[in-house]
Amino acid sequence: ETGVTQTPRHLVMGMTNKKSLKCEQHLGHNAMYWYKQSAKKPLELMFVYSLEERVENNSVPSRFSPECPNSSHLFLHLHTLQPEDSALYLCASSQLGPDSGTGELFFGEGSRLTVL
Amino acid sequence: DQQVKQNSPSLSVQEGRISILNCDYTNSMFDYFLWYKKYPAEGPTFLISISSIKDKNEDGRFTVFLNKSAKHLSLHIVPSQPGDSAVYFCAASCPTPGTYKYIFGTGTRLKVLA
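Going down the list, the protein sequences come from chains A and B.
Going by the numbering used here, the final residue of the first sequence carries number 140, and the count climbs one at a time with no gaps.
Going by the numbering used here, the final residue of the second sequence carries number 116, and the count climbs one at a time with no gaps.
To be clear, the hints were calculated from the coordinates, so they are not data collected in a lab.
These figures come from a predicted structure and were not determined experimentally.
Using N, Cα and C, we set each Cβ at its ideal position, and we do this for glycine too.
Treat the hints with care, as some may be off.
Every beta carbon over 10 angstroms from chain A, so not counted as near; a handful from chain B, in silico [as the list claims (entries may be wrong)]:
hint, residue
1, G18
2, T47
3, K56
4, G85
5, T108
Partial chain B-side listing against chain A, Cβ under 8 angstroms, derived [said to hold, decoys possible]:
hint, residue
6, G45
7, S51
8, S54
Work out the full structure, taking the sequences as your base and the hints as a guide.
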């Protein structure tokens, strides 16, 4: 199993649909992240979960709803999205704590979302 | 306002030559810097990092230089290989209780010509 896996890799949805992105990490890490990558923009941090608790929510619209049921799984629930939400959504994990070094991020391959 | 800037969106280099990718930052509180490499249809992969207490870190063909007074870092790839063609992201982090908050640049697309 690769370190961080994301499904689906591609998703096309209408503005009224409800869908979810899934992320699973097999690295034994204790923190998970959602990033958004839009064309010609920096990677934008959306949410951070540390030990299954949300520790960061970067002013993300409520139409994006994260869920972290355990330290290995992270979901991003999507509803009533807008066309400008079309982007690559990247999941990442890291190990946080005194013996973890500096917690480099390990990314999944991303879910390419298109909102029509 | 972007705290981490990669002002060159693209760079082309001949195989065997040196590739130099630049990154500037504005926040003097940043204490750790990383470079990530991204191929199309893949997620970014960690390449090399440097702590603010150092000014150079080397790993094989990759060397990162940090100039704190100029708030500038650079990634040198010597010799460049066609397989190095990818988008390179610079990232910086500052101490944040409970987690690491990484701020990314917009990336530089490197093309190594055979």
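Compute the least Cβ-Cβ separation between B:K56 and chain A, then decide whether it is above 10 angstroms. holds (12 angstroms)
Using 8 angstroms as the Cβ threshold, decide whether B:S54 counts as touching chain A. violated (11 angstroms)
Far enough from chain A: is every CB of that chain over 10 angstroms from the CB of B:G18? For B:G18, whose nearest Cβ neighbour in chain A is about 29 angstroms away, the distance exceeds 10 angstroms, so it holds.
Taking C-beta pairs only, is B:T108 more than 10 angstroms away from all of chain A? violated (5 angstroms)
Hey, does B:T47 actually stay past 10 angstroms from chain A on C-beta? violated (7 angstroms)
So, B:S51 near chain A? Judge it on the closest CB pair being under 8 angstroms. holds (7 angstroms)
Would you settle whether the hint for B:G45 is holds or violated, based on the nearest Cβ-Cβ distance to chain A being less than 8 angstroms? holds (3 angstroms)
Taking C-beta pairs only, is B:G85 more than 10 angstroms away from all of chain A? Label holds. Min Cβ-Cβ 18 angstroms, cutoff 10 angstroms.
Comparing the model with each numbered hint stated earlier shows that hints 2, 5, 8 do not hold.
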